[in-house]
Each structure stands twice: as structure tokens, then as C-alpha cells.
Amino acid sequence: GAGVSQSPRYKVAKRGQDVALRCDPISGHVSLFWYQQALGQGPEFLTYFQNEAQLDKSGLPSDRFFAERPEGSVSTLKIQRTQQEDSAVYLCASSFSWGDTEAFFGQGTRLTVV
Amino acid sequence: KNEVEQSPQNLTAQEGEFITINCSYSVGISALHWLQQHPGGGIVSLFMLSSGKKKHGRLIATINIQEKHSSLHITASHPRDSAVYICAVRGPGAQKLVFGQGTRLTINP
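First to last, the sequence lines map onto chains A and B. End of the first sequence sits at 119 in the working numbering; the numbers just go up one at a time, nothing left out. End of the second sequence sits at 253 in the working numbering; the numbers just go up one at a time, nothing left out.
Bound-form chain A, shown alone:
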């Protein structure tokens, strides 16, 4: 497709379960971002990739969160031993370059931890 694709769209996990969220950015986009959006709040930054390099992971809330983009295209956000506070929408965005360029967002993955 032409846009940013995220899967799954919805995920229900039992507390303690590991989950993996996938992002397919627009082909050729160099920059890829993961954001976390709690209910009723604006998105908050998790991590940033430029090609395969993870240049900023300062927003990852704990060492249970891990992201990778091994070939500089598809990215996976992994959450280990999920907790209820991890329930949120996880948004992926990509842009053609870095700096002040338009960001294109995926539909998000809504994670519910029960």
C-alpha cells in the first residue's frame, strides 16, 4: 500500500505476556518514529530510527520496551511482560528525510492488557 501500515490493529494481551507490534513505513522513508498515545492524551515519543540506526530511544518507558528496524524498512516494537499501564495506542510514523519534513502516520495498534 501507499501509506504506513501497522499490524495488528488491535491486540489484547494478558498481563505478563510478550507482544510484538509491526510497522511497515512508506517505501523509501528514512525516518521512522514510534509514539505511545494513552486514552484522551496526545501521543508521546518512544523512539526514532534513521534507516536501521536507532538514534534516540529516550522515550522508552522501561527496559521491557525494545524496538528494532534491522534492514532500515519494517520496524517492530516489542513489549515484554506487559503491564496494565502499557495499554495504549501505539503509533508509527515515517518521513522521507529528517528534520522538518511531513510525517505520515499509521492507523496505530490499540493494545489492551488485561
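What the hints contain is simulated information worked out from the structure, not anything from laboratory work. Here the structure is a predicted model, which is why all the values come from computation and not from measurement. Note that CB positions come from ideal geometry on N, CA and C, so glycine has one too. Honestly, I wouldn't trust all of these hints.
Only some residues are given here: those of chain A computed to face chain B with a beta carbon under 8 angstroms [as the list claims (entries may be wrong)]:
no., residue
1, 33
2, 36
3, 46
4, 47
5, 48
6, 50
7, 53
8, 57
9, 61
10, 96
11, 101
12, 103
13, 107
14, 110
15, 112
What follows is a list of derived Cβ distance ranges for each label pair [to be verified]:
no., chain 1, residue 1, chain 2, residue 2, range
16, B, 200, A, 8, 15 to 21 angstroms
17, A, 60, B, 196, 27 to 33 angstroms
18, A, 20, B, 152, 19 to 25 angstroms
Chain B stretches covered by chain A per the calculated footprint, using a threshold of three residues with CB under 8 angstroms from any CB of chain A [stated by the list, open to error]:
no., segment
19, 172-180
20, 188-201
21, 215-225
22, 232-240
Since the structure of chain A is already known, use the hints to place chain B on it.
Just chain B now, with coordinates in the frame of chain A:
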């Protein structure tokens, strides 16, 4: 205090009304984005601006760098404009966006 503050948090208006959503930020920026989010989560970029004013159809975005303030205006509002509108800023040399909490707009027919 959040770096990016939006007002109002919620806005309900009648079809046809002129809508203004405000965004104030406390840090230096290289660009400000206005985004639209419909139920279901998808976010669409409306504007990216670093100075002055931009217009697209019924939407107008303005920014005052000295005042650290931006506004999003919608003329002749329509029920399909109902969505959450989010302001986000990027700092100089930074890559990530810092978001406001969003303004939920409801336009009644």
C-alpha cells in the same frame, strides 16, 4: 506545565460556525504541525509551518514565533470536521515531535 498547551480541550459548535483552536508552546521550535485524528486512531497531517500563515481549503493555520502561539481556523464548519485536532512541535535540531493533548471538536448539524 506541558511544553505544548492547546485550548480549548473540547469544543462543540453548530454547522457553519467559524472555529478557532489555539496552541501555545514554551520551547524554541523549528516547525509546528497541525494534525487531525479521527476515531479509530489514524492521524493525518494538515499543516507544517515555521512562520506566517498557510491555507488549505477551509482550513487556515497561523503562527506567531515571537508569541510562541499558533491557531488553526476552520471556516464554514461541517459535521465531517468533527475530530481531534492536535498541535505538535519540533525543536531545532530535534527529530521527534512533542504533542499537545489535543482538542476534541464536535460540529452538530
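Taking the hints in turn, this is what the structure says about them:
| no. | hint | result |
| --- | --- | --- |
| 1 | 33 | 18 angstroms, violated |
| 2 | 36 | 7 angstroms, holds |
| 3 | 46 | 6 angstroms, holds |
| 4 | 47 | 4 angstroms, holds |
| 5 | 48 | 5 angstroms, holds |
| 6 | 50 | 4 angstroms, holds |
| 7 | 53 | 5 angstroms, holds |
| 8 | 57 | 15 angstroms, violated |
| 9 | 61 | 7 angstroms, holds |
| 10 | 96 | 7 angstroms, holds |
| 11 | 101 | 13 angstroms, violated |
| 12 | 103 | 6 angstroms, holds |
| 13 | 107 | 5 angstroms, holds |
| 14 | 110 | 4 angstroms, holds |
| 15 | 112 | 5 angstroms, holds |
| 16 | B:200 - A:8: 15 to 21 angstroms | 19 angstroms, holds |
| 17 | A:60 - B:196: 27 to 33 angstroms | 31 angstroms, holds |
| 18 | A:20 - B:152: 19 to 25 angstroms | 36 angstroms, violated |
| 19 | 172-180 | holds (count 4) |
| 20 | 188-201 | holds (count 4) |
| 21 | 215-225 | violated (count 0) |
| 22 | 232-240 | holds (count 4) |
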